[in-house]
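Please model the entire structure based on the sequences and the hints provided.
There are 4 protein chains.
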Amino acid sequence: MEINGVQIEDTFAEGFPIKMARVLITAVTERWALEAAREATGFGTSVIGCSAEAGIECIVDGSQTPDGRPGANILICNMGYKNLENSLLFRLGQCILTAPTTSAFSGMPEAEKQFDTGKKLSFFGDGYQKQAELFGRNVWKIPLMSGDFVIEQNFGAVDGIAGGNFLILGQNQMAALTAAEAAVNAISKLKGTITPFPGGVVASGSRVGSKYKFLKASTNAAFCASLREDGVCTLAEDVSSVFEIVINGVSKESIQEAMKAGINAACRVPGVLKITAANYEGKLGTHQFPLHTVLE
Amino acid sequence: MEINGVQIEDTFAEGFPIKMARVLITAVTERWALEAAREATGFGTSVIGCSAEAGIECIVDGSQTPDGRPGANILICNMGYKNLENSLLFRLGQCILTAPTTSAFSGMPEAEKQFDTGKKLSFFGDGYQKQAELFGRNVWKIPLMSGDFVIEQNFGAVDGIAGGNFLILGQNQMAALTAAEAAVNAISKLKGTITPFPGGVVASGSRVGSKYKFLKASTNAAFCASLREDGVCTLAEDVSSVFEIVINGVSKESIQEAMKAGINAACRVPGVLKITAANYEGKLGTHQFPLHTVLE
Amino acid sequence: MEINGVQIEDTFAEGFPIKMARVLITAVTERWALEAAREATGFGTSVIGCSAEAGIECIVDGSQTPDGRPGANILICNMGYKNLENSLLFRLGQCILTAPTTSAFSGMPEAEKQFDTGKKLSFFGDGYQKQAELFGRNVWKIPLMSGDFVIEQNFGAVDGIAGGNFLILGQNQMAALTAAEAAVNAISKLKGTITPFPGGVVASGSRVGSKYKFLKASTNAAFCASLREDGVCTLAEDVSSVFEIVINGVSKESIQEAMKAGINAACRVPGVLKITAANYEGKLGTHQFPLHTVLE
Amino acid sequence: MEINGVQIEDTFAEGFPIKMARVLITAVTERWALEAAREATGFGTSVIGCSAEAGIECIVDGSQTPDGRPGANILICNMGYKNLENSLLFRLGQCILTAPTTSAFSGMPEAEKQFDTGKKLSFFGDGYQKQAELFGRNVWKIPLMSGDFVIEQNFGAVDGIAGGNFLILGQNQMAALTAAEAAVNAISKLKGTITPFPGGVVASGSRVGSKYKFLKASTNAAFCASLREDGVCTLAEDVSSVFEIVINGVSKESIQEAMKAGINAACRVPGVLKITAANYEGKLGTHQFPLHTVLE
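Residue numbers (my numbering), protein chains in the order written: chain V, 1 to 296; chain U, 1 to 296; chain A, 1 to 296; chain P, 1 to 296.
No lab work stands behind these hints: they were computed from the structure.
This structure is a prediction, so every number in the text was calculated from the model and none was measured.
With a cut-off of at most 25 angstroms between alpha-carbon atoms, the simulated DSS-like pairs for lysine-lysine come out as follows:
id : chain 1 : residue 1 : chain 2 : residue 2
1  : U       : 216       : V       : 119
2  : U       : 141       : V       : 211
3  : A       : 189       : V       : 191
4  : P       : 211       : A       : 119
5  : A       : 120       : P       : 211
6  : A       : 130       : P       : 216
7  : U       : 141       : V       : 216
8  : A       : 82        : P       : 213
9  : P       : 141       : A       : 216
10 : P       : 119       : A       : 211
11 : U       : 119       : V       : 213
12 : V       : 82        : U       : 216
13 : U       : 119       : V       : 211
14 : A       : 189       : V       : 189
15 : U       : 211       : V       : 141
16 : V       : 119       : U       : 211
Counterexamples of contact, computed for chain U against chain A with all Cβ distances above 10 angstroms:
id : residue
17 : 1
18 : 11
19 : 17
20 : 48
21 : 62
22 : 110
23 : 134
24 : 141
25 : 207
26 : 227
27 : 228
28 : 283
29 : 288
30 : 291
Cβ atoms here follow ideal geometry from the backbone N, Cα and C, with glycine treated the same way.
Here it is, written out as structure tokens:
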């Protein structure tokens, strides 16, 4: 299979279950909503070493938000609901409540699982907080020096999927990287997914395990062009750099849609030679995303 | 005292000791250095609820970096060196090693305190990592799928100061907020300081303690204009919104310089009525920054 | 009429006929498409002193472009078709052909009026240009040092409308300006309109004529708060700053939609006191946009 | 000669005299200063087809501006002083006077050549304009709806140089383009120069003349990799894309400094194979910039 002359390997990405909550941040301008969103989703690339996996899902204009202001959806992901509740409490309390002009609404009001994060954070109001019905939502108004902070009482969470992915093999690093940028940008327009790594891109694709017993993951030596002389690199001769796009999504469909949009975008960039995906031969994950099926 | 017609209250900001490390991130473009810097300093507003206080100190052009590439200095701050070492390990490992085209150099090579974070992270190379002398620095080259990651073996850290601050009192929220943006921008040009809150701005200035015993801090009710009718707001009648700028710095002088630049910038914005600062009457902090002295 | 507590004056905006062409610029990334778009639409605020009125209409993702790459639509407007043809020739030739990785497609392929701008520009290829059918479009491929430039042979143009507008009256300058930013951002999500002034905002709303005979327009003294003491300002006492949003659109409906989205956004910003619109009492324009009707 | 493994050809760039004026735009925030600067310098790549060559020279912080607000220097260039005066009048009148919160100061107050652009634009005030001495400058205050516009009476201009340049030859388009981005970014930190093309980069390097007599310039076929099969491309086999950086500067020294910074930055990007420069064999220009001398 080929797209725009780029070979698509007949393999699959392998995904894992993860719990995720969506928070809709609104603010006086889109710019300030994004500042809060970036802070709240920072240091959130992988649960291996971060307290959560987090990213900006999409921008939302005022015609689609409860308070009519511009906003951004973020997704926060943890392996279990207990950790997710903690992530919500600390990321909202430290990064959204503290951010200029923001409000925080649940992006999953229909979910079965609900956390009363808004109620817990309302105690910051020192007794002056007030519960209210606003825009059809059950919210708390917390008086701040800069103005009242409005936060929904409950935030919903669902079973999602982590580890959707594809790999971009380039003639050189800049071709692969620009393709990664184009892919992340295309995915950023879609609802339901995030690309939690820096700028949406993984520079350090890994394998499970290591020769060092204290490490859970290590560099994917077989894909490291600089190890060609060591005899461990299995990349074709013309490939000299590989970037990975990792995608978490609220559903199998959302990940499929993101993979399709991202791969299509990457294949428009000159110098991209091949697209493949990372998996564990189906031994570890619960979901498989075959590239050829996703791209149909 | 007045600047551009804005009253400067005769009071002081109160600062506390904190440990901080500077990391110089370089990348193929300034844009990618900043992507890594933002991810590595995210979820890093206050050690009350974040694993560190962190921010982008300044942009560094290629003429001032070891590898001649553009870069950004970040500062990572913790109450003790043990926590700081952890922050370095996880924030660099998860957010810089994973970011496209980055290298990480110590921004405090002369410091007495040194952590071998680069050596620890080098094990990700799964035995293929190599120590080298590059650009006069002792570094590790870790093979990645996208290319080698270069990281200095040791990262220095020093005693710094947290809690430098000033408050901007505005006729309304947008006047105070624009002044805060102007202040943060002016501070961002300086070396030695960060403004770790979202977009550099604190919307939720707080007091120590709370009527709720389980909370260490709560909203500063005396400065909440929306509590005027409750009789607890002590702001002048014409003030309706207050934003705070919190500044961490490597030295007393750097904080003074940042406060001066920030206040001067804020006072150029129409609708700003008064500048003051937050303190604990000198009972808690180790450093005092009197506004009138700082602005001389 | 009120929106979110902001008074909407019962008046109308007055629009004029103008000719406009839409150009779809695609590039390797959205970022580079926008660089070209900004250059091509610069120095394009008003035909009073610019060679055209021009602006970025909206961002277009790869799923909606002929070549599958990300892009941006721009609109270029002139009083007559002859001037518009010139604007296309020079703005495309100087700002899009010269921009990295771009292609230029007609955004109005169905229009009756067509200019062969692509054919004219193809001569830059010095005989090496080639006509081709690509993506269902009749294009020219012009060899450049950086790669081939693809441009559609013909660009369509239509009768549009200039001068849609509304005015934002604020308690102070920062409130009115932030509201203007929010309004422009909301309009930027819509198809069919541009806000051609710097950052989408007009700081210098004008009236037709002047006490100086050599000037066609002059400051709208009745709306200048700084002329209150001169007795010419008719603004209410609490208003101290007014910004105008000027909108050009491909149809009456597109301007109505943009006015509605922009006013709704502006009215969410604290410190906005009133929305009104500029007209010439219906004496000059061909289209009237009554605010109360637009906002229904 | 090599930099970081990239070959630097022993050739020279050839420059021409041009007239240029520097305008310092200040605004309430750096962001708004840049909005005005972008509009005022747009549609300004080459005097072949634009009314001027223009670009943002550098950002200026509030400690270095007359009014203490953040700002941006722009340079506007024309072949003669008469055209330059027109450019100042129209670009300032249409793009800076109209932009939110801006003021405009002369960036060359010491120049022998002076234009009274500020005085001419002051008539927009319809009789309410007032001359004043502000910040040690002779300015006009023009009442606007959004607040007063302050503009210096006179703007200075000097003899500068156009056509400083270098070419980046890459293994592929993305390598050459990323290097161009890095080069432009490095140059943007310096005072005295602009890179007037879109995003600072020229995709369509040209030669003087054409097989078509009505064209003054045409594609540089010898450097077009896509014409390799036509037998006209003289590029080495491994080169597939070439971008040019064109630099205008206030002095020979400023162009030398910019070329040095830009080339050094470009040579740090993997996939860049060679740097060269464009000239007319010394037959047309008045200044020569030998690469090896510039890089010493």
